[in-house]
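Visitor: If you want the building blocks of each chain, they are given just below.
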Amino acid sequence: MSRAETLTTLKQKLGAKILNYFEKSPKRIYLEVRPEDVTEATRILFQELQARFQIATGVDTPQAIEILYHWALDRHGCVVSVRTKLPREKPEMDSLAALCPAIEWIERELWELLGVHFRNHPDLRHLLLNEDWPEGQYPLRRDFVKGKPSHG
Amino acid sequence: MAKRTIIPIGPYHALQEEPEFFRLHVEGEKVVHLDIEIGYNHRGIEKLSESKHYDQTVFLVERICGICSTSHPIACVQAIEDAGDVEVPERALYIRSLIGELERLHSHLLWLGLAGHFLGFNTVWMWSWRFREDLLNILELITGNRNHYGIMKAGGVRRDVRPEDIPSVLKIVRGLQKPLHLFRDTVMDDPLIQARTRGIGTLTREQIIRYGALGPTARASGVDIDVRRDHPHAAYGLVDWKVIVAQNGDVFDKVVVRILEMLESIKIAEQCLEKLKTVPGPVDSNPKEIKPGEGIGHYEAPRGEVFHYIRSDGSNRPARHKVRAPSFMNLPTDREAVLGYTVSDATIILAAVDPCYCCTERLAAFNVADGRKRWTSADLIRLSREKTERLKKELGLPGPQLPLEALG
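Line by line, the protein sequences are chains A and B.
Numbering that gives the first Met the number 0 puts the last residue of the first sequence at 151; the count rises by one with no breaks.
Numbering that gives the first Met the number 0 puts the last residue of the second sequence at 407; the count rises by one with no breaks.
Hint data in this document are derived by calculation from the structure and do not stem from the laboratory.
For lysine-lysine, the following BS3-like pairs were computed, each having C-alpha atoms within a straight-line distance of at most 30 angstroms: (1) A:K10 to A:K89; (2) B:K276 to B:K170; (3) A:K23 to B:K46; (4) B:K29 to B:K392; (5) A:K89 to B:K46; (6) B:K287 to B:K51; (7) B:K391 to B:K177; (8) B:K46 to A:K145; (9) A:K23 to B:K287; (10) B:K287 to B:K274; (11) A:K23 to B:K51; (12) B:K266 to A:K26; (13) A:K84 to A:K10; (14) A:K147 to A:K89; (15) B:K290 to A:K26; (16) A:K26 to B:K51; (17) B:K51 to A:K145; (18) B:K2 to B:K386; (19) B:K391 to B:K29; (20) A:K26 to B:K287; (21) A:K16 to A:K89; (22) B:K46 to A:K26; (23) B:K290 to A:K23; (24) A:K12 to A:K23; (25) B:K51 to A:K84; (26) A:K26 to B:K274; (27) A:K84 to B:K46; (28) A:K84 to A:K23; (29) A:K84 to B:K290; (30) B:K276 to B:K266; (31) B:K266 to B:K241; (32) A:K84 to A:K145; (33) A:K84 to A:K12; (34) B:K51 to A:K147; (35) B:K274 to B:K170; (36) B:K266 to B:K177; (37) B:K241 to A:K26; (38) A:K147 to B:K46; (39) A:K10 to A:K26; (40) A:K10 to B:K290.
It should be emphasised that the depicted structure is a prediction, and the values quoted were computed from it without experimental measurement.
Work out the full structure: start from the sequences and follow the hints.
Guide: Here it is as structure tokens:
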């Protein structure tokens with residue numbers, strides 16, 4: 000499959016699930032889906048299009064907690080970033096670790112640094128921070144103050 | 000049921016670049032489970048980066064790792080350039096690739112030396128580090144530093160390569176071919192090295208893809224990926240070279256991939272140096288501001304792809320900066336790579352993904368049942384070497400002889 004065919008397949012399979020689609024350059028594609036559709040996007044990218052999971056970036060913004068899943072299409076020289084926005088009050092979504100084991104560690108990191116809860120994660124414990132890190136304090140939240148719990 | 004013993008390896012050692020903590024669960028000699036704990040070196044660099052302006056950020060990420068000290072800056076400046084649509088002059092692209100390849104060479108030689116050391120072949124260790132020294136000298140000549148070169152910046156590079164330096168640098172780079180051929184022949188032909196590394200710590204193609212493993216770890220298992228070729232950047236699309244791939248996924252193939260890759264690095268470095276004789280400057284487009292947006296930069300570090308994501312809000316510092324080093328993806332594969340092998344092989348298997356894991360001194364083993372038996376790092380290296388000695392006797396072989404007279 001060529002680059003154009005691969006991207007067309009991706010767009011067709013996700014269909015109306017794509018909230019917006021943006022090609023910043025031929026090498027960088029960004030698309031947004033709802034949190035509940037990330038699993039489907041992951042399945043298509045990883046299993047059908049053989050994309051390589053690079054990493055996920057979590058960003059705390061005033062409106063929402065954004066997670067970007069970066070997928071490399073190595074044969075076509077481009078990176079597809081799947082964006083999803085979670086409500087700041089209760090950031091929660093399904094874990095993708097069972098679908099793609101490469102995602103297991105970064106979900107642990109997103110949980111401890113940004114406070115995103117991943118449902119059905121096989122091993123949701125601290126990755127970078129110590130075990131005795133106080134509960135409810137997420138250092139990558141904008142309102143993080145050392146020693147105070149983060150609020151939504 | 001066999002008695003299960005836990006061998007903790009790590010977390011700290013002065014030689015270790017990144018502290019990690021492995022718990023090897025063994026039954027007798029056999030490894031049955033591995034726990035990996037990281038985070039001992041978590042410095043909050045992503046958060047810290049939000050308080051630095053774009054020029055400082057590059058210096059900050061340069062300090063993430065002492066060995067890949069130019070891989071992070073290359074990925075980082077590319078992310079900034081991607082976010083801000085910054086052009087880079089052609090001459091700067093050649094300098095970026097040149098520094099990147101010199102770094103790959105010294106990093107792979109470092110690893111080769113350590114692998115030799117773990118297996119009990121200290122001649123390989125001493126000699127590969129001796130040739131690494133030449134590379135550090137060239138890097139010092141070009142950038143002013145043996146490590147942490149401080150040469151990358153958004154829009155280009157900070158220093159030009161002086162024309163009068165090119166002939167001497169070329170001579171040293173070309174001079175490395177001979178010793179590399181020697182290492183290649185020694186490793187490929189020596190039956191004892193083969194006995195210690197062939198069929199050991201094997202990772203299949205499917206395991207690599209599941210874990211998203213990268214770099215030589217992936218290429219040794221037949222996964223043909225290399226960011227330098229797949230996502231052309233710097234000067235990699237402008238020079239002639241090839242990606243080295245092997246099929247077996249064991250420690251032997253990882254050694255072979257790294258050695259052959261070094262010969263390709265020499266080819267790239269040579270071509271970049273030749274181009275630098277003619278391609279004119281400038282070496283910096285000197286961007287004044289980074290417009291709002293987001294950008295991704297990735298670069299093939301010696302251990303695999305380094306990934307940087309930058310979000311700009313139009314100010315002079317990143318609103319978010321995500322960094323992912325290759326070991327983040329490569330380390331989890333250890334869980335499967337060591338299963339079923341013996342403790343004497345675990346050292347080389349854990350070292351095979353090259354996590355800069357040279358820490359065996361801080362390693363101690365406790366018998367869980369009575370808490371008394373204690374193995375030190377020296378014991379683990381001893382175990383590994385005893386296996387080599389035992390094989391030497393069984394096979395009636397002398398071990399690798401480096402025909403150093405061939406170097407002239």
